[in-house]
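Chemist: Residue-level listing of the chains:
2 protein chains.
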Amino acid sequence: MATTTGRAAQARRAADALRQRIVAGEFEDGRLPDEHVLSRSLGASRNVIREALNLLRDENLVVRRRGIGTLVTAHTYRHGLDRLAGLAEELTSYGTVSNDVREAQVVPRPPPAIAGRLALPPGSEAVYIERLRRLDGSPLSLDSTWLAPDIGRPLLERDLAGQDLFALIEEATGAALGSAEVTVHAVTAEPDIARVLDVADGAALFAIDRLTRLSDGRPVDVESLRVRADRFALRAVLPRS
Amino acid sequence: MATTTGRAAQARRAADALRQRIVAGEFEDGRLPDEHVLSRSLGASRNVIREALNLLRDENLVVRRRGIGTLVTAHTYRHGLDRLAGLAEELTSYGTVSNDVREAQVVPRPPPAIAGRLALPPGSEAVYIERLRRLDGSPLSLDSTWLAPDIGRPLLERDLAGQDLFALIEEATGAALGSAEVTVHAVTAEPDIARVLDVADGAALFAIDRLTRLSDGRPVDVESLRVRADRFALRAVLPRS
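Chains as they are written, first to last, in the UniProt record's numbering: chain F, 1 to 241; chain V, 1 to 241.
Extracted from the complex, chain F is given alone in its bound form:
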């Protein structure tokens, strides 16, 4: 039962409570209360609090500065899971979203697995777009997108650096998006993706797969996102039935 009563377990629980409060935006001035205050409010010893703060530091959520205290390094952005919204649509309230367009091209022979998910006819081309999302300049996610050619081709002329794909699709094609099937995984960062997202090798990331359909049900957009877990959390309010 070491996990439930040992110091490591207590520290994990204290870190959970603090992570929740950080994500909820409770520490508006960016500074956590001192260890004594945290110790009282969380009902844990100073040693446990110190260990909890170290866990949050390892997650890149806080930095600890001698003589200053514990500072929240970056806001963690909450993405609602209640409706289909592009990242930028949701995140504009948090800061300025920009994109490094790493690839944007017509691919003559897309992988059959992708063509299958997009229900493309045999021999059809597809459009591939890869963007690194930044929020206030810092990397947030790497988004790889496959689009049906009639949907994707008009987008290649548009402002891919500044705009959400969802907004661009609806604006450029006049087609209304209907719904998306989203699957969320947690993974660790391989070295190449860690470099791009500016996190340590092995850091926790979300891997999000999203298949988006037009309102008539036609699948047009297959996306694979890698999102920094130190800057991003998913949030939903779920009804019981």
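Heads up, some of the hints might be wrong.
[Said to hold, decoys possible] Label-pair ranges, simulated between beta-carbon atoms:
hint, chain 1, residue 1, chain 2, residue 2, range
1, F, 106, V, 7, 17 to 27 angstroms
2, F, 64, V, 54, 30 to 40 angstroms
3, V, 54, F, 57, 26 to 36 angstroms
4, F, 170, V, 57, 39 to 49 angstroms
5, F, 116, V, 174, 28 to 38 angstroms
6, V, 54, F, 170, 32 to 42 angstroms
7, V, 24, F, 174, 25 to 35 angstroms
[To be verified] To give an idea of the interface, some chain V residues facing chain F are shown, with a C-beta separation under 8 angstroms as derived from the structure:
hint, residue
8, 59
9, 108
10, 110
11, 184
12, 233
[What the hints assert, rightly or not] Calculated Cβ distances over 10 angstroms to all of chain F for the following chain V residues:
hint, residue
13, 19
14, 43
15, 50
16, 71
17, 134
18, 144
19, 160
20, 171
21, 181
22, 192
23, 209
24, 224
Simulated from the structure, these hints should not be mistaken for laboratory data.
The beta-carbon is built from N, C-alpha and C at its ideal position, and this holds for glycine as well.
Go by the hints and put chain V onto chain F.
Modeler: Below, chain V without anything else, positioned relative to chain F:
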């Protein structure tokens, strides 16, 4: 642009496509097609496919057996994010859920941060329950739950090893649950939690915070879950508006 065109990037994309198909339950017999078939269907070289399979092996999603091929090690269970359901309620279709009850007790002085989230009056006790969830015997998640005392006390006499807390709350108290606010983080496993969940140190986990309310809005249940990311994915179908 090494990430978009190099072999590591291609392998990551191939792994993404395969992970999606594994989670969707496409390989019903538990065996992936051979490298040649995967190479054709994913439009990638054999070397890239091999690297992608190694990534999935590192995630614990598949094992590779010489002379046999690549086998899906465990089903990955999809948890819907469209309504409030207990894990066991959703997972019974996948297998048998059981719980090791690690702690179940009245705590005279719960941490103030917890008492605050549960809106407990000053000096109130609370009930703490910690359970290791198993699906078909294998660890899936560690669930730490704080309950308001009037809701939690009757549960201490119930079948905590066999039943979902949500079902128990509704059955034992006659109170109907209303909704929950859920925040989902991705984290890596510290050594103590890795041991309990039977994963490698540093493996990806979901950390899920859930505040559940009765139908009258009263908060009664604060949960912190650590869920193995190799056995679990979140899924939602999102409408555009």
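Chemist: For each hint, tell me whether it holds in the structure or not.
Modeler: Structure-based check of all given hints:
1. F:106 with V:7: 17 to 27 angstroms: holds, 23 angstroms
2. F:64 with V:54: 30 to 40 angstroms: Holds - the Cβ-Cβ distance for residue 64 of chain F and residue 54 of chain V, about 37 angstroms, lies within 30 to 40 angstroms.
3. V:54 with F:57: 26 to 36 angstroms: Hint holds: Cβ distance 31 angstroms, inside 26 to 36 angstroms.
4. F:170 with V:57: 39 to 49 angstroms: With a Cβ separation near 40 angstroms, residue 170 of chain F and residue 57 of chain V satisfy 39 to 49 angstroms, so the hint holds.
5. F:116 with V:174: 28 to 38 angstroms: violated, 50 angstroms
6. V:54 with F:170: 32 to 42 angstroms: The hint (32 to 42 angstroms, Cβ to Cβ) holds, given that residue 54 of chain V and residue 170 of chain F are roughly 39 angstroms apart.
7. V:24 with F:174: 25 to 35 angstroms: The hinted range 25 to 35 angstroms holds for residue 24 of chain V and residue 174 of chain F, with Cβ atoms some 31 angstroms apart.
8. 59: Cβ of residue 59 of chain V sits 6 angstroms from chain F, so the hint holds.
9. 108: violated, 11 angstroms
10. 110: holds, 7 angstroms
11. 184: Holds: closest Cβ of chain F sits about 4 angstroms from residue 184 of chain V, inside 8 angstroms.
12. 233: holds, 5 angstroms
13. 19: violated, 7 angstroms
14. 43: Residue 43 of chain V not clear of chain F: closest Cβ-Cβ about 3 angstroms, inside 10 angstroms.
15. 50: holds, 15 angstroms
16. 71: holds, 19 angstroms
17. 134: Its Cβ never comes within 10 angstroms of chain F, the nearest being 15 angstroms, so this holds.
18. 144: violated, 6 angstroms
19. 160: holds, 14 angstroms
20. 171: Residue 171 of chain V clear of chain F: closest Cβ-Cβ about 14 angstroms, beyond 10 angstroms.
21. 181: violated, 5 angstroms
22. 192: Given a closest Cβ separation of 4 angstroms, the condition is violated.
23. 209: Non-interface label fails for residue 209 of chain V: nearest chain F Cβ at 5 angstroms, not farther than 10 angstroms.
24. 224: Given a closest Cβ separation of 4 angstroms, the condition is violated.
The structure fails to meet hints 5, 9, 13, 14, 18, 21, 22, 23 and 24 from the earlier list, while all remaining hints are met.
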